[in-house]
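Visitor: Protein chains in written order, with the working numbering: chain A, 1 to 596; chain B, 597 to 944.
Non-contacting residues of chain A with respect to chain B, defined by C-beta distances greater than 12 Å in every case (computed): (1) Asp7; (2) Ser46; (3) Pro91; (4) Ser291; (5) Gly316; (6) Glu486; (7) Ile490; (8) Leu510; (9) Gly513; (10) Thr565.
Pairwise CB distance ranges, derived in the manner of DEER restraints: (11) Lys253(A) - Ala937(B): 20 to 30 Å; (12) Asn828(B) - Lys253(A): 48 to 58 Å; (13) Asp936(B) - Pro560(A): 41 to 51 Å.
Derived lysine-lysine pairs resembling DSSO-like cross-links, with alpha carbons at most 30 Å apart: (14) Lys932(B) - Lys203(A); (15) Lys162(A) - Lys120(A); (16) Lys918(B) - Lys401(A); (17) Lys798(B) - Lys253(A); (18) Lys932(B) - Lys476(A); (19) Lys162(A) - Lys196(A); (20) Lys932(B) - Lys253(A); (21) Lys785(B) - Lys614(B); (22) Lys918(B) - Lys245(A); (23) Lys932(B) - Lys245(A); (24) Lys932(B) - Lys918(B); (25) Lys164(A) - Lys120(A); (26) Lys476(A) - Lys566(A); (27) Lys751(B) - Lys826(B); (28) Lys566(A) - Lys469(A); (29) Lys159(A) - Lys932(B); (30) Lys750(B) - Lys891(B); (31) Lys164(A) - Lys131(A); (32) Lys120(A) - Lys102(A); (33) Lys120(A) - Lys131(A); (34) Lys162(A) - Lys932(B); (35) Lys188(A) - Lys131(A); (36) Lys738(B) - Lys455(A); (37) Lys932(B) - Lys384(A); (38) Lys253(A) - Lys906(B); (39) Lys932(B) - Lys401(A); (40) Lys918(B) - Lys253(A).
Since the hints were derived computationally from the structure, they do not count as laboratory data.
Idealized CB from N, CA, C, for every residue including glycine.
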Amino acid sequence: MEKVINDFTINIATANGTGSQSANLILLESLFDMGVPVSGKNLFPSNISGLPTWYILRLSENGYQAPGDRAHIQIMVNPDTWDDDLESLEPGSVVIWNSNTKNKTVDREDVFSYPIPMTKLARGINSKLAKLVTNIIYVGALAEILGIDQDCLNLAVNKQFKGKESAINLNIQAILSGREYFRENLEKIDPYSVAKRDITQSKFFIEGNEAVALGCIYGGCQMLAWYPITPSSSIAEGIIAYIPKLRTDENGKANLAVIQAEDELAAAGMVLGAGWAGGRGMTATSGPGISLMQEFIGLAYFAEIPSVFWDVNRVGPSTGLPTRTQQSDIAMLYEGSHGDTQHIVLIPGTIEECFEFGWYAFDCTERFQTPVFGLSDLDLGMNKWACAGFEYPSIDMDRGKVVREREVFEAFETFGRYLDIDGDGIPYRTLPGSGMDPILYRGTGHNPMGVYSEKPDDYHDLMNRLKKKIDNSRDKLPAPILREGEDAEIGILYLGSMENSIQEIDDILLDFGHNVHQCRIRALPYHPEVESFIRRHKATIVLEINRDGQLHGILRKELPDDLVTKVHSVAYSDGLPPRARIYATLIDKKLKEVMQ
Amino acid sequence: MSMRRERAVKLNVINEPKDSYTGGPSSLCPGCGHDLISGMIINAAWENGVEPHRIAKMSGIGCSSKTPAYYLGQSHGFNTVHGRMPSVTTGAYAINKDLLYLGVSGDGDSASIGIGQLIHAIRRNMDMVYIIENNGVYGLTKGQYSATADVGSKKRKGPSNELQPIDLCALAINLGCTFVARSFSGSRKQLTSLLRAAMSHKGFALLDVISPCVTFNNNDESMKSFSYVKENEMTLHMADYIPHFNPIEEVDVPEGHYRDIELHDGSTIRLETISEEHDPSDAVAALTALHEADKGAKHVTGLLYFDPTKPSLAEDLDLVEKPLLDLEDSELRPSKESLDALNSEFLS
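Model the full structure from these sequences, guided by the hints.
Guide: Written out as structure tokens, the structure reads:
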């Protein structure tokens with residue numbers, strides 16, 4: 001039997017609220033510390049306690065981060081999903097199972113079966129906390145089976161329970177107990193193991209939402225208004241957590257106001273109020289929240305109020321699958337609110353970009369005086385990803401065209417809040433309290449002087465200036481990331497967290513005989529380089545995690561006519577993080593159709 | 597300034613003529629009660645000597661919410677979306693707490709679509725004056741009943757209103773609002789005093805002003821018609837406002853028949869008792885007065901409830917002393933060293 005080292009997927013099936021998350025993170029951190037290329041994904045229910053949850057650990061020498069096509073090792077602790085989990089396994093898989101599970105057993109002959117009396121062992125360590133300890137027992141058993149370094153496990157436990165001695169001791173004791181049981185009672189018969197790689201880890205694990213939160217802190221955010229919603233809450237909570245350390249003076253007074261709003265409508269209103277007053281205001285929400293904010297988004301666009309909205313996309317429509325991932329808010333953000341609108345959307349695909357776009361969103365919204373969206377998703381936002389460290393903002397804060405001094409104001413020959421003085425579509429603004437050019441901001445039609453108007457020319461000119469303003473932002477927004485070799489005829493255009501699956505998709509496509517180039521869009525409206533990429537290729541697949549191909553629709557609307565026929569949609573979503581083979585197969589099918 | 601003096605224009609304590617507080621011409625129906633209120637806002641701000649550009653005029657949508665264009669032309673304003681003015685004001689306040697936020701709303705805005713935001717702004721004791729120009733109808737959409745229309749109110753056409761009205765003053769008192777008053781757009785002296793006091797209050801000051809709609813709700817069946825209110829108003833007390841820059845002695849009210857209430861900035865609101873004593877610090881008495889009036893199909897006006905002790909949103913946010921707007925960029929962006937330290941902490 002051929003050994004398989006550092007190249008397999010582990011699926012851990014537990015119940016929510018049993019402490020399995022810390023057990024799984026200990027595994028993730030210890031493997032990472034060993035130099036094993038690993039990524040972890042938490043598939044959790046919308047529930048606090050009791051419903052099934054899975055954790056997928058992908059070990060891949062190629063650095064693949066998508067969940068693999070199948071589980072090679074299945075850990076079974078949850079009786080509710082037992083039968084389905086067991087049935088889905090391919091022959092030759094490993095099953096590590098809690099043999100104290102009532103009425104459940106593993107009766108398949110074609111798998112490597114390791115029964116471990118997890119509950120009994122856990123009770124032996126701490127009967128009160130048996131439910132929690134059970135999860136740590138499988139960590140120990142798995143460590144013994146795969147050869148996970150105990151020092152690395154100890155380190156990971158220490159990191160997880162920072163300074164809580166009793167918790168640290170309890171967890172290490174449970175790990176050792178799981179190890180010992182396997183060593184003394186069972187024999188390793190499967191081919192899977194891990195091997196230490198000689199690389200010093202100069203990376204750490206962090207969630208996308210925490211990276212966004214830090215980005216906002218370093219972006220000089222002055223007001224956060226939010227309403228709790230999965231999967232975005234940890235952006236707001238991250239900001240709140242960092243305020244004492246990073247945004248508080250020596251008297252303990254903060255310079256970042258946090259308001260937990262009564263709903264998303266109010267949160268959006270507060271963001272506009274902050275922007276109107278001259279500050280950097282933001283909110284973080286998910287699709288349902290953005291749905292509620294639509295009216296204010298239109299006002300911000302029309303009255304030209306800086307405002308930052310982070311959307312951590314979850315599965316819609318409606319409540320949908322609230323704890324699953326999707327890229328389905330693209331169209332809603334880009335064309336949010338009634339009437340003709342078009343918004344700037346920043347789309348990070350890596351943890352580093354979560355931080356960067358976190359601070360840049362404020363510069364962008366003040367520069368263009370228009371709402372700016374950050375579009376992340378549950379996969380990127382709530383899973384832990386390896387990060388090489390955050391880079392300090394490369395440019396000073398850009399506060400945009402704000403007239404703060406009277407001499408500057410007086411120097412204008414004529415001044416109007418919505419007068420396009422520089423010809424770039426971006427007018428100048430004065431702030432409430434300044435006494436300069438006082439106007440009544442409004443969502444009704446207005447002329448360049450900011451005065452109410454229903455005149456056809458005023459409306460028409462205003463709408464076209466707004467379009468010009470957003471169009472002018474294209475080449476100033478983050479350019480796409482291109483990966484091109486020579487003479488590939490096919491381009492793959494994708495966005496956001498698909499970044500974590502693209503390399504594997506690319507490799508599978510190569511197996512299928514397709515040499516492809518990649519272009520990751522990082523902002524809307526799309527950058528001119530996106531257009532040249534499409535022009536350079538015979539066909540471009542637009543790859544996204546939704547049903548309708550929303551990005552494809554936007555491109556078709558805005559591309560020159562001769563390019564429209566060159567873009568082809570591959571869109572798929574089932575709530576799970578993108579599995580490379582599914583998308584590669586769909587691309588292959590599409591290419592067979594279009595390349596004839 | 598000297599030019600103005602020569603023309604003998606009356607100036608306020610900060611040497612501003614009343615013209616500095618006026619706005620554009622009104623486009624409301626001739627005779628609208630709202631225009632009277634706009635006039636009183638102008639007077640109150642001028643008499644209080646507030647710097648006109650340090651006021652922020654906030655409103656939602658509706659007839660009342662159009663009025664910020666008709667007063668305080670030197671102030672920035674924001675005519676926001678229907679019922680959602682409180683949240684916009686809250687966000688602006690978080691950035692610049694030194695402005696005087698003057699919100700104008702209507703009963704459609706405040707008692708229906710925006711009632712949630714009104715409630716939560718009260719709950720936060722958001723520092724603002726919140727005027728409800730209450731006429732019981734949706735004027736701008738031509739006369740539908742609002743949620744403050746009294747039972748039995750009748751429009752010119754169609755059936756009468758049979759739904760219970762929402763009494764925004766009672767609601768506010770129950771929510772612990774720190775300044776609750778009711779007045780009438782025809783009561784120039786009382787309303788001006790209340791407006792002046794509300795502008796000096798630290799916290800949420802709610803002024804529910806019955807302001808008859810001359811076009812859609814001025815028939816005799818309506819309890820919010822001009823003639824009905826004129827005849828059925830019970831004044832709780834005459835109110836007089838004594839600003840902090842005037843010595844109290846100058847005000848001519850017979851001693852023993854008034855009660856002085858000190859406001860945040862050292863000003864005083866003097867309540868001249870008319871018939872029975874009303875203690876504005878007593879929420880139960882305030883609610884009793886409202887219910888008694890309701891029983892008699894009357895409107896009780898005056899300062900109903902007042903509590904200067906509750907912390908306002910500013911204290912709750914626990915921010916640096918300077919308004920956040922005035923902070924330098926370097927104060928808002930933490931140092932490079934702090935990020936380097938974080939990076940190494942993550943790595944360890």
